[in-house]
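Okay, here's what each chain looks like letter by letter:
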Amino acid sequence: MFILEVNPLVLPDIGLVFWNTIAFVVLLVVLGKFAWKPMLKAISERENGIEEALLQADKMKAEIATMQSENEALLAKAREERATLIKEAKEASDKMVAEAKEKAKSEYDKILADAQLAITQQKNAALTDVKNQVGTLVIEVAEKVLRKELSNKADQESYIKQLADGVKLN
Amino acid sequence: MSFLRIKTLLVAGFSLLAVLSVTKSFANETAMDSAKKEKEFNVTETILEHIKDDHSWHLWGDKSIHLPVILKTSKGVEVFSSAKLVDEHHEPIVYKGNFDYKLIEGKLKIVNEQGTIDEVANKQLLDISITKNVASLFVSVFIILVVFLTAASAYKKTGVTSAPKGLQSFMEPIVLFVRDDLAIPNIGKKKYAKFMPFLLTVFFLILTNNFLGLIPFFPGGANVSGNIAFTMMLAVCVFIVVNLSANKNYWEHIFWMPGMHWSMKLFLAPIELIGVFTKPISLMIRLFANITAGHILVLSLICIIFIFKTIFASAIAVPFAVFIGVIECLVAFLQAYIFTMLTAMYIGMANEEHHHDHAHEAHH
Amino acid sequence: MVGSIAAIGAGLAAIGAGIGIGQIGKGAVEGISRQPEAANDIRSSMIVAAAFVEAVALFAVVVALLGNGG
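Residue numbers (this note's numbering), protein chains in the order written: chain A, 1 to 170; chain B, 1 to 364; chain C, 1 to 70.
Be aware that a few hints might be false.
Said to hold, decoys possible - Using 30 angstroms as the maximum straight-line C-alpha spacing, the simulated DSBU-like pairs for lysine-lysine come out as follows:
| no. | chain 1 | residue 1 | chain 2 | residue 2 |
| --- | --- | --- | --- | --- |
| 1 | B | K194 | A | K41 |
| 2 | B | K157 | A | K37 |
| 3 | B | K109 | A | K41 |
What the hints assert, rightly or not - Which stretches of chain C does chain B cover? Using the computed rule of at least three CB atoms under 8 angstroms from a CB of chain B, they are:
| no. | segment |
| --- | --- |
| 4 | 48-55 |
| 5 | 58-66 |
Don't read these hints as lab results, they were simulated from the structure.
Being a predicted model, the structure only gives us computed values, none of them experimental.
Beta carbons are placed, not taken as given, at the ideal position from N, Cα and C, and that holds for glycine.
Start from the sequences, fold in the hints, and give me the full structure.
In structure tokens:
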């Protein structure tokens, strides 16, 4: 009794079920083959493309970054090299200057020493010479004095005095 | 100021027109009613008539398309126009084909000479007529085919790298929505691709029919997605897809729930087995009842005008009907969304890999 | 008579569903206000839960229709 009173709204009509099934199957097959497949494929392809592009961009970025860091490293290295070169050059020049100075000084010292030596030698020679001459003079004077002494005693004495005054060893 | 004046004029003009036409139709009605001894206005009958299927598709006034009737009886297949089933006043008459056919409460039945239903002959009657719902379904199928074949051909034409244009750009986000919000979260990234065509077809078929049903005049006006035959067919398809794709793990969870005492397992098995059937049945009833309820609501509000038999009732009825109509637009989308999402969820449950035990442990 | 009783039954079911959907909405709004960043997840689960609750009310309507033959 209860079932007989069922509202026609909740009773599926067999003809409708039939046509609905046909429509749905047709839609599923046709769309599945000609619409969903190309659409989904295209969408996923595009997504893959975008993803790949992004990955590539990231890779490029990383590459650029490494290149930059490499460049920087190179630059730093070059700078360092330059600095060392300059330093070395400076050192070398300093060394050369110092050496030259040293050499000049030693030369100068040597020359000075030589000069002093020569001066001393000459002085000694001169002194010796003076001594010799003084000796000779003394002897001459003594000779003269001795000769004079024999003639005049007073004169002799003054003369000796005169001579003695005259002979002053420097 | 001039705008206000034009508006007032327009309002006045429309009210005049409305009042005139209504009085005219009332005049006609009263003339007819006096002839027919005051036929009472029955709300339930009127609403059900609008919601039910029909053999002709009403256009306007007394113009309607008479759809073909296709019958398979014990005497073979028979095709004739439904115009032969009604007289010029749209009253059902007997058509004499292989049997005597008559429309009884909108349904075609075989009648005998006395004009009563021949139960024995009706058992063999298979009515696969192109009714209003079927015709509307064909319209929706046609729309879907045109829209998506055009959209899909755009991919071939412009290639995949260029940005989508026109129809393609309108449909692609919806397709992506079905994929990213319905399929992938519920089925999983590994297996979703296989079910995408089914989910997309279900989604767009429901969506198109929901919206076509909301249009009150010719290309719409039918109640396809609010018809239990339509939802039943979809539910059966979901049932088939879910259970055919189900893996061993799923059946194990139904018949012999792991991690339970054996008595509990025996107790759970019938419940789970019933669950296999109630899932698609709930899908069927949800869609059917939601859409039908929406149609009944709008029609009831419009019927207020005819119950009170005054044009002024429309001041309340029409804004409410518009409001409900807007909500129905949301419901039309929401129901397609929920149907597809639950389908995806059931498919996902049937295809779950064997990591359930870990999930159980994680919950405790 | 059957129709009236069916209408009462449908009305009772509507009360239950109304309370249920109200609870769902309340929970969702509270959840969203507490965690606005999870709004999208909460919204979709809310819709699904509401659909389940609503389905119960609609089952009642269908049962009412079953007993209320045309």
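Hints, verified against the model:
At most 30 angstroms may separate the alpha-carbon atoms for a hinted pair to count; K194/B and K41/A meet this at roughly 12 angstroms. As the CA atoms of K157/B and K37/A are separated by approximately 15 angstroms, the hinted pair is consistent with the 30 angstroms bound. Pair hint K109/B plus K41/A does not hold up; C-alpha atoms about 50 angstroms apart against a cutoff of 30 angstroms. A count of 4 residues in the segment 48-55 of chain C with a Cβ less than 8 angstroms from any Cβ of chain B is obtained; the coverage claim is therefore met, three being the minimum.
For the segment 58-66 of chain C, the stated coverage by chain B holds: 4 residues have a C-beta nearer than 8 angstroms to a C-beta of that chain, and at least 3 were required.
Going through the hint list in order, the structure does not satisfy hint 3, though it satisfies all others.
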